[in-house]
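Undergrad: Assembly of the complex is requested from the two constituent chains, each provided in isolation within its own frame, with the hints serving as guidance.
Listed here are the chains, written in short residue letters.
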Amino acid sequence: MATRALPRSAPAPRAPARPALRVVRGSKKVRRRAPVVIVVLAVVTVFGVTGMHASMGQDGLRAATLEREVQKETERLSLLRARVAQLSTPRRIADEAARLGLVADADPSFLHVDGAKTEPSTEQQALKVP
Amino acid sequence: MNRVALRRAGTMGAALLLCLAAVGLRLGYVQGVRSEAYSAEGRKQRVRNITLPARRGAIFDRYGGELAVSIPARTVYANPKLITDPAKTARSVAPHLQRDAVAVEADLRKSSSFVYLGRRIGLVTADKIQALKLPGIGFVDEPRRFYPGDSLGAAVVGFIGTDQSGLAGVEYGYDKLLGGRPGWRILEQDPRGRRIPQGTFNEQPPVPGSDIMLTLDPDLQLATEAALDRAVEKTRANGGMAVALDPRSGEIFAMANDPTFDPNAIGRLDPTAIKNRVVTDAYEPGSVNKIVMASAALAEGAIKPDEQIWVPYSITIADRTFKEEHHGARSLDLRGILTQSSNLGTIRLAQELGPKVLDQYFQRFGYGRGTGLGFPGESAGQLPSAGRWPTSLPTMAIGQGLSVTPLQIALAYATIANDGVAVEPRLVSGWVDPQGDIHRPSEARRRRVISTEVAGTVRDMLNTVVASGTGVLAQIPGYEVAGKTGTARRLKEGVGYSGHMASFVGMFPADSPHLVIAVVLDNAVPIEGGLAAAPAFSEIGKEAVRILRIPPGP
Chain A
1 MATRALPRSA
11 PAPRAPARPA
21 LRVVRGSKKV
31 RRRAPVVIVV
41 LAVVTVFGVT
51 GMHASMGQDG
61 LRAATLEREV
71 QKETERLSLL
81 RARVAQLSTP
91 RRIADEAARL
101 GLVADADPSF
111 LHVDGAKTEP
121 STEQQALKVP
Chain B
1 MNRVALRRAG
11 TMGAALLLCL
21 AAVGLRLGYV
31 QGVRSEAYSA
41 EGRKQRVRNI
51 TLPARRGAIF
61 DRYGGELAVS
71 IPARTVYANP
81 KLITDPAKTA
91 RSVAPHLQRD
101 AVAVEADLRK
111 SSSFVYLGRR
121 IGLVTADKIQ
131 ALKLPGIGFV
141 DEPRRFYPGD
151 SLGAAVVGFI
161 GTDQSGLAGV
171 EYGYDKLLGG
181 RPGWRILEQD
191 PRGRRIPQGT
201 FNEQPPVPGS
211 DIMLTLDPDL
221 QLATEAALDR
231 AVEKTRANGG
241 MAVALDPRSG
251 EIFAMANDPT
261 FDPNAIGRLD
271 PTAIKNRVVT
281 DAYEPGSVNK
291 IVMASAALAE
301 GAIKPDEQIW
311 VPYSITIADR
321 TFKEEHHGAR
331 SLDLRGILTQ
341 SSNLGTIRLA
351 QELGPKVLDQ
361 YFQRFGYGRG
371 TGLGFPGESA
381 GQLPSAGRWP
391 TSLPTMAIGQ
401 GLSVTPLQIA
411 LAYATIANDG
421 VAVEPRLVSG
431 WVDPQGDIHR
441 PSEARRRRVI
451 STEVAGTVRD
461 MLNTVVASGT
471 GVLAQIPGYE
481 VAGKTGTARR
491 LKEGVGYSGH
501 MASFVGMFPA
511 DSPHLVIAVV
521 LDNAVPIEGG
531 LAAAPAFSEI
541 GKEAVRILRI
551 PPGP
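Residue numbers (my numbering), protein chains in the order written: chain A, 1 to 130; chain B, 1 to 554.
Treat the hints as calculated values from the structure; they're not laboratory data.
Accuracy of the hints is not assured; some may be wrong.
[To be verified] Calculated pairs, DSSO-like style, for lysine-lysine (alpha carbon to alpha carbon, straight line, at most 27 Å):
| id | chain 1 | residue 1 | chain 2 | residue 2 |
| --- | --- | --- | --- | --- |
| 1 | B | K234 | B | K492 |
| 2 | A | K72 | B | K492 |
| 3 | A | K72 | B | K133 |
For reference, chain B alone in the conformation it holds in the complex (with noise of 0.2 Å):
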């Protein structure tokens, strides 16, 4: 070999060399000083940590029919970044959207690297946008809440939002126990996202929310739904309130609510008609609230069921005159009190008590404080003591000064029809852990408040407001019905009066009844509760005795 070709070869070695020495660098480099860096990178790339949302649980009526469910959807998103032409992937994704393709092509020209397209579609319309593989569109599982009675009980039930989360109603009221627990997941994935078999794989499951049981009956809702819109209809009411309940066990089989509302579009809803009113809305009572009189003065003694008072025309109580609406001065006993409404015979009562003894029955029968049934917004009325000003308590007597809940008056008559004895009012029956063991709540409590002779004479009284009084449009054929009409003024939104409210609260049979039913309508014409409250009372009634089977008595 000659030196020209030793010193080519020499040269080629050293270069070989300096390349060797350049490449061990490098991977010195990048395996012993970034190593961890490289690493981490990688597995940032490969290793992804996913949530995995807990199911939300159903809400069921009484007979385990849904409520609420959670079905499964897909959100479509898109990056605008690696979207390569914004106005044809908007052509192609927005009919399945039912989007305007020129908004969706505005969200695809957006600088930032993530906009939604569409929020929990169904799933054969994200499956038809995924066949169409369109660059920089991708999907992800968010599970849709679901009202398959749209607006049967929408009040009652309530709703959800965006994250999942209740935000009215029993959605919002037991959230913690519907929500569950998410998971997590952490597995290696392939760049086209698939899972890598012998990859890192770790997984904490969901744990599922409970299903919720209500005490709602579904053919009563939806009875007594119709009935109050068609009493707001026919009276031109600015809406109205109605529950029904049993007296015995405090389950309460229907709220209705109008107007209403459908919590599967809660974004076009009337945020005024979300609210359950029939425990958030504090109204004046009026002449319903004479049940409380009534009762207490015969507990009292103030007055004995066959005895005569007299009823003046007016009576001046400091600088305010007191008078008779429809009828001149004479002598009434309690039932005749009753029967006619009369808010001087009611005042009389109310004076021989006194207002100390007064306020004991306002508190006995559940005024100014919460029912125990624990919904959220739950209204407690206004209970301010009857000895506050000279006038508080004649105003008290016949139900103004004074505000209370539909539920609170509904429970007021519950125990008159439970023998004297409240029992607290029940909207979840029990829950279903995600294990299937089934939970109840806790006994409901029961106080006596009245006498069960007291109750009775009370219950027969009402019994002939109904038959031949005020209520004669409450009737239910072929049932004896207890139960008492008011027409009390309506507080205004700040100070004031402006308008009525009309009410009618009973129940049936009167011996022994099975059903409470309270309807308030506000600011209805005709204003009496006799003529605006009590027919949709009697249309709920004939539909509840078919409903709940409920026989007409001894």
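The following block holds chain A by itself, in its conformation from the complex (with noise of 0.2 Å):
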């Protein structure tokens, strides 16, 4: 049987040469500061969230504290809209009439327009004897 001779592989290129690890030093001013940052950040964000809440603690009291204005409000509307349902009922105007002297009309009079006669609806004229 005949054989294939196999393509000779090229030899692989040769990594060059990683240089040796070491440990890279910050600068000794970062190196000071570092902890002043986590210091102030932290402060910052505590100061922050107690700050947060407590603006939310006190929007939470404005809205209640409108909340009952508005129900106060809306209370006071509701007792002045019947106050004027009291005043406005025919009786009491009627009574008010009659104490400052008015009296009603005891002869009304209607102007009659020549040729004017009202027709049942064709629909009621439609409507037949069972």
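TA: Below, the structure written as structure tokens:
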């Protein structure tokens, strides 16, 4: 059996030599500031969260106060409407008018328009006696 | 360090360890074993589940005037277990509640942990009590139903109970529509009852009730109530009923009852006065019923408008003799029968028609069944067959032995007024839902009962009744009025008769009626409808032409 020779692979290129790892130390300035930054951040975060909570609490109380005010004004409006309704009842108006010496018109007059006549609707006329 | 010091330090360490262990154990017990129970207990103390009552809809008259509204109010309650000095607390609170201090003190000394001190009191009064900062005294919002017109249309509007549900009238009949749907709120509160801002908060707002608009005209309602009151007082009647309606649309402008009541003071009302007797009480109508006979006789050709019939002095049917009250035997046409309210003439017509035809016409005019108004407690009246007993036909012909409500008889006249077409009555003209959309009820059903010609002829004859017959006191200056008087034996509770029912039902202007009014007086003196009820009709009519601007006719 005839065999075919595999092509000879080219030798792999050699990886360039990696430089040895070494600890790079930051500058002394940065090293000195890190704890301060952390503390400041922590303080800012704590105060920020606390402030936000306080603000939320304050807004909540304000909202509750406003809700109470709205309720109070709504109640006042309802009471005033009822009072208006009470003052405008026909009995009260009639009593008040009588007190002021007003009398009802005993003899009302109506103007007649020539030729005007009310006709029953065609729908009504169409109804048949059972 | 010497051994003693070491031993002491060891002992102290052991004691501390023991304490720490105890604390740890307790912590484990509280946080682990009983954690759920304690959390639940804590939630129970902080979290409140509050029911938010729905605003009950208002009831308006036809012009948008309030007949019933809900106004804010507060209920004052006490927890007697938290009150240290009941006598002092009672003395402080009682004057504001307009209650006797002794009674309040008795409430505060009760062994329960909840007592009402004042239900639905005004906000100003509640604020004054709250300012006293009394321990054990609490407040809860409970709206109060207020009827600005006091007794105006009281039996129609009705009233509600302490649980805010309707108990009578429109308040009861339309309770579901008016009541709305309550909501709820779940929130966390601090011990002083303030909401914890970041706490739990869930809310389902209540759905307010719809506002209902009635067809009542407030001015005519007042005029009708006043005229009825005067008539009852003048005739020393037990009571009275009146209704005014538009025969063309079926709209009821006024429904009055005497005695009446003030729904703002339901604790003190007379239970017999709360009924809307115009629709709940049936009575034997007497001669006002003769329009059915006249219509039937004309429609069936039993008599022609100008035809005279012989009316004897008396007729004996079975074992009963019917007599003419104030006249001897004579010839009368149909106009004369109605004008003189001849019982014998009516009985003769009924005999001509027969019980079967009579039954048909009573039914066509709406006797013995509901009017379609749908008012709570509405009576259908009683309509036995005219052929039930030998005497049923003559007695029913003259309006005895059957019963109708004042509204039913007014609707029978409205059919005559409306050229023979019956229209279903209407009290509610619409309602406004919480979104502000207006809803109208479906079109009123109409049906023809008699022909236009027959209705016109009967109306013309009824005009003569008022012009020169038994109903002259019902006249309205400047207007042609058509109507009929009725004087009937009054049904006694149980069996038999006692006293009389006087009535007048009429319409105007006679040519083209705009209004039908029925007035019924219970046991009035004089007993005759023409003397007792007709003047009240006239009085209401005079006010109605002015209020409704009804022209006198062509």
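Undergrad: With reference to the structure, classify each hint as holding or not holding.
TA: Consistency of the hints with the structure:
no.	hint	result
1	B:K234 - B:K492	holds, 23 Å
2	A:K72 - B:K492	violated, 55 Å
3	A:K72 - B:K133	holds, 20 Å
The structure is inconsistent with hint 2 alone, although it conforms to all the rest.
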